[in-house]
Amino acid sequence: MSQPQSDPLLQAETTCGSLLYELQIIWDEVGENETERDRMLFELEQECLEVYRRKVDHANRNRAQLRQAIADCEAELAAICSAMGERPVHTRQSDQNAGSLKEEHARILPQLEEMRKRKSERRNQFIEVHEQIQVISMEIYGPREYIPAVVDEIDLSLRKLEDLHKQLQALQIEKSSRLKKVQEHLYTLNSLCSVLGLDFKQIINEIHPSLGESEGSNSVSNDTIQRLAVAIQELREVKLQRMQKLQDLATSMLELWNLMDTPIEEQQMFQNVTCNIAASEHEITETNTLSVDFIKCVEAEVSRLEELKSSKMKELVLKKRTELEEICRKTHLVPEIDSAVEYAVEAIESGTVDPACVLEQIEVQIAQVKEEALSRKEILEKVEKWLGACDEESWLEEYNRDDNRYNAGRGAHLTLKRAEKARALVNKIPAMVDALTSKTLAWEKEKGIQFTYDGICLLSMLEEYNILREKKEQERRKQRDLKKLQGQMIAEQEALYGSKPSPSKPQSVKKGPRMSTGGAASRRVSLGGAMIQTPKPDSKANSRVARKTDKAHQVEQNYLDDGVSCLSSARRGLDIAGVPVKKYSFGAGSTRDIEPPPLARQPFSPITSKVSSNTNMANSKDELNIQSEKLQKTISLNNMPFSTPSKTAAIVVDDENRTPKAMPIPVPSTPSTVSVPMKMVMTPAPAFGGGELVRDIEYSFEERRLGFVLQ
Amino acid sequence: MATAVTPASLGRELSDPPSDGISNLRFSNHSDLLLVSSWDKSVRLYDASANVLKAEFMHGGSVLDCCFHDDSSGFSAAGDNTVRRLLFASNKDDILGKHDAPVRCVEYSYAAGQLITGSWDKTLKCWDPRGASGQERTLVGTYPQPERVYSLSLVGHRLVVATAGRHVNIYDLRNMSQPEQRRESSLKYQTRCVRCYPNGTGYALSSVEGRVAMEFFDLSDASQAKKYAFKCHRKSEAGRDIVYPVNAIAFHPVYGTFATGGCDGYVNVWDGNNKKRLYQYSKYPTSIAALSFSRDGRLLAVASSYTYEEGLKPHDKDAIYIRGVNEIEVKPKPKVLPPA
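Quick note, the sequences are listed as chains U and F, same order.
Take the first sequence: its position 431, counting from 1, is numbered 431 in UniProt numbering, and each next residue is one higher.
Take the second sequence: its position 227, counting from 1, is numbered 227 in UniProt numbering, and each next residue is one higher.
Next comes chain U alone, as it looks inside the complex (with noise of 0.2 Å):
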């Protein structure tokens, strides 16, 4: 006990001890008896342990609320904090740090606030967050339901705060890619409105009045875009139907331009009209070019135009008929349609006719003449060449017939070059005539109609010149022979009187015909019979007899290739020459022209036939002579080797190239001497003879050169 305390219980005690002497003074002097005395005592005690009863329940009690307090004080803590998503932290608290249970109460207390404070204000986060979100959802998706920011109290942690946050920021992109949708679809309606000559403002207030606002919150709402979307495909359907109708005005206006010439500063006007024709709907922006007066303007044009064409038909019609005969006497055509123009235009007149379909057949007529003056063109151009050496033929007729072309004048020199130029020109007439014909005729045969030049006939053109030609010529024979006659006549007389004119010149100079074979006749080399070796059968793979025949008549080969070949090639080429063969078949196989080997071109031939390396035909024109040739020599190489080529027609097939179904030949395989030889041997040699040809086995030249021999 202190001291301090005890001090007022002392003088309670005192006082009690005071009082119960006083009392017992009182009692002494009264006389009060000892049971008397006693029960006063015990009653005064009774009384006394009932007070002491009653401050200790009291005091019980309040310990109880405290306790109490304390214990709601932490649940509060513990809710908020779990409501606020933090750990809590004073829980327990108490039981480590035992203080008096005010100390507790007056600890945490404070805490509580703060919590509380701390939790009022989340709170108040939530409620603003929620109603933003709330503000911009209605602001989307419109005031369908509203619900009152109603925060949940339970949860109030940052991670769901977070997630608001989250959404407020998501509807905030939303709200921001509507706005900005909006201003687009705006901007396409104002682009349409401008070119369509429509009021914006006015079609904007229509669907949301927040949207004429210049600045400020224009509304994003579904509706609100579904209605500017559907407001922006009406006047693009708008636009459309308005642009096609421009399109059609303004290709009818340049065919209309085209067909009258329309002058250009006419034409200036509607400069930006027709420069849309072919522009596709996104590239007509310009303000006002889809405006309903525009069109109705554009409209008026056409209709004046149209007047004015049907005003100024009679004149394109007769434009357009001068076109048709400028093409059709440029092309020597036969314009057939004279009359109908005529008429046409006279119907024109009477207003009987619609005078667009009659320029419409005079164009189609165009079009036709033009075609048919192209495939024309070709002989055409042939013609003028033809009529061209025509003219110069005259002119040289005419120039001829002048005895005194040949005196110096002026310009004597020029015409004596053209007389030359003339004389060449003429030369070719007959070439240019039938090139001509043939020309004509396929034409002809192709379009199944008749070529007609200036209207006549080309081919009958063509045959009267030929005809005329003939004529000609004859009336030129026969003056000839009159001047012939009269030379002999001349002669004749002369000869009686001794006197010979000076004698007129040969009309032909018949030049005998060249040889093909040029300066072969002179060189011509006999061979005989002693050039031909006999192949010995028996003779050892190395020959070498063939060698030495071959160094032996090196010159005679280097002339002289390929006799059979040579001779008759060279006889090919004399009768292309057109000189008669007999005269250069000379003793067959035993002469030969000289012909230069470097200049020998040879085909290939085929397996089966057989062509000389040799052929010295430069250009082999006909495959049939060489083949005939190739057959003929093969006979002779078969048949008889050592005689003339001759024309036997034996038949021999030669199996020489076909894949022997026999062993390989028994042949000496060394570079055979002749290929005569190997064709004998070829035909009677029988390949299973079991003989001593067959045992002998082939050897490489290298195997032999190395001694190899098969074991």
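Quick caveat, the hints were computed from the structure, so don't treat them as lab data.
Hints are not guaranteed to be accurate.
Listing some non-contacts, in silico: residues in chain U with all C-beta distances to chain F over 12 Å [as the list claims (entries may be wrong)]:
no., residue
1, Q46
2, R53
3, K166
4, I173
5, H185
6, S191
7, L256
8, W257
9, S291
10, S311
11, E326
12, G487
13, S700
14, G707
15, Q711
If you anchor each label on the Cβ, the simulated ranges turn out as follows [claimed, not checked]:
no., chain 1, residue 1, chain 2, residue 2, range
16, F, G200, U, A373, 39 to 45 Å
17, F, S220, U, F708, 44 to 50 Å
18, U, L710, F, E56, 31 to 37 Å
19, F, G200, U, L710, 19 to 25 Å
Okay, the calculated bits of chain F under chain U, using three or more residues with CB under 8 Å as the criterion [claimed, not checked]:
no., segment
20, 98-107
21, 301-315
Being a predicted model, the structure only gives us computed values, none of them experimental.
Ideal Cβ placement from N, Cα and C applies to all residues, glycine included.
Since the structure of chain U is provided, determine the placement of chain F on it from the hints.
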């Protein structure tokens, strides 16, 4: 005319030619290097454009064929039965393997990465030159042939083998177990040379009897109808032909035309499609033993070297001519229509 031919018309003669017959020569696929094998037991590497002898390899026997691997190495086939690899930079060679008889021909397939050799031991052998030295490592397979191998040619995965007895076997390098086709030569006489068309559709085959057959791989009637043979390298005299072996065929890498060389000393250029002879070069001093076009077809290497067709006899010295090739000599001419 029988005037002496001027050297210029034959092309530039290489200095340091082999001292004996030339068995083959080949241009590299990458440069103007020229590999020459010879009976003098040597393989020589020339720079054809610079006319310089760059390397020389001596063998134990006459070398019958050679080919390039790349610009740094090549292969040779020798009469001493060996197949050798030649390393140009180090001037060394090693034996890749052996046959049982002289090795007649050698080809390197870029498609298969293998070396193919044909020998008179009636076999074909494939080698993997990347394997370590030693026959058991490098030999890929041995394929018996009906007769001694005389000539080989490759195009893509196709291998054409011509042997004695006029056999022609056509293989697919990817399946060497069986010949894809077994044929008999269309020509009646011994095969001298076989070369595939660069377009891979067939091969040309020449014989000792002045003739060349143009063949096609495709066995369809349409393709086989295109085959033919023609005579060449012969002289005709008093109705008789003097016929020479056709030793060499070389296809032009650009135009697909081809040159043939015969024992008559002539080199002819042919257009197989149009069946025309395009050109005949002036006569070389002796037989044409081998021909090779350079990779771009601008150069033609001609081995003028007696090929022993008439046994031992005096002959002109062996020479290699490098001639420039004019386009006109090798370009196919379109068929001329007869003038109207």
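Comparing the hints with the structure gives:
A cut-off of 12 Å between C-beta atoms confirms that Q46 of chain U is not in contact with chain F; the least separation is 128 Å. With a least CB separation of 118 Å from chain F, R53 of chain U remains clear of the 12 Å interface cut-off, as annotated. The beta carbon of K166 of chain U is kept farther than 12 Å from every beta carbon of chain F, the shortest such distance being approximately 66 Å. Distance to chain F confirms I173 of chain U as a non-interface residue, since its nearest Cβ pair spans about 64 Å, more than 12 Å.
Chain F leaves H185 of chain U outside its interface by the beta-carbon criterion, the shortest separation being 67 Å against a cut-off of 12 Å. Non-interface status of S191 of chain U relative to chain F is upheld: no Cβ of that chain comes within 12 Å, the nearest being about 64 Å off. No beta-carbon of chain F comes within 12 Å of the beta-carbon of L256 of chain U; the shortest separation is about 54 Å. For W257 of chain U, the condition that its CB be more than 12 Å from all CB atoms of chain F holds, with the nearest at approximately 52 Å.
With a cut of 12 Å on Cβ distances, S291 of chain U stays outside the contact zone with chain F, its closest approach being about 68 Å. S311 of chain U, annotated as away from the interface, keeps every beta carbon of chain F farther than 12 Å; the closest lies near 60 Å. Interface exclusion of E326 of chain U from chain F stands, the closest Cβ pair being 37 Å apart, more than 12 Å. Remark: the non-interface label on G487 of chain U is consistent with the geometry, its nearest Cβ contact in chain F lying 42 Å away (cut-off 12 Å).
Some Cβ of chain F comes within 12 Å of the Cβ of S700 of chain U; the nearest lies about 6 Å off, and the non-interface call is violated. With a least CB separation of 10 Å from chain F, G707 of chain U falls inside the 12 Å interface cut-off, contrary to its annotation. The Cβ of Q711 of chain U does not lie farther than 12 Å from every Cβ of chain F; its closest approach is about 10 Å, which violates its non-interface assignment. Here the CB-CB span from G200 of chain F to A373 of chain U is close to 53 Å, at odds with the stated 39 to 45 Å.
A C-beta distance of roughly 39 Å is found between S220 of chain F and F708 of chain U, which places it outside the suggested range of 44 to 50 Å. Between L710 of chain U and E56 of chain F the beta carbon distance is about 33 Å. The supplied range of 31 to 37 Å therefore holds. A beta carbon spacing of about 34 Å between G200 of chain F and L710 of chain U contradicts the range 19 to 25 Å that was offered as a hint. Requiring three or more residues with a Cβ within less than 8 Å of a Cβ of chain U, the coverage given for the segment 98-107 of chain F holds, as 3 such residues are present.
Here the segment 301-315 of chain F counts 6 residues with a CB under 8 Å from a CB of chain U, which clears the bar of 3, and the coverage holds.
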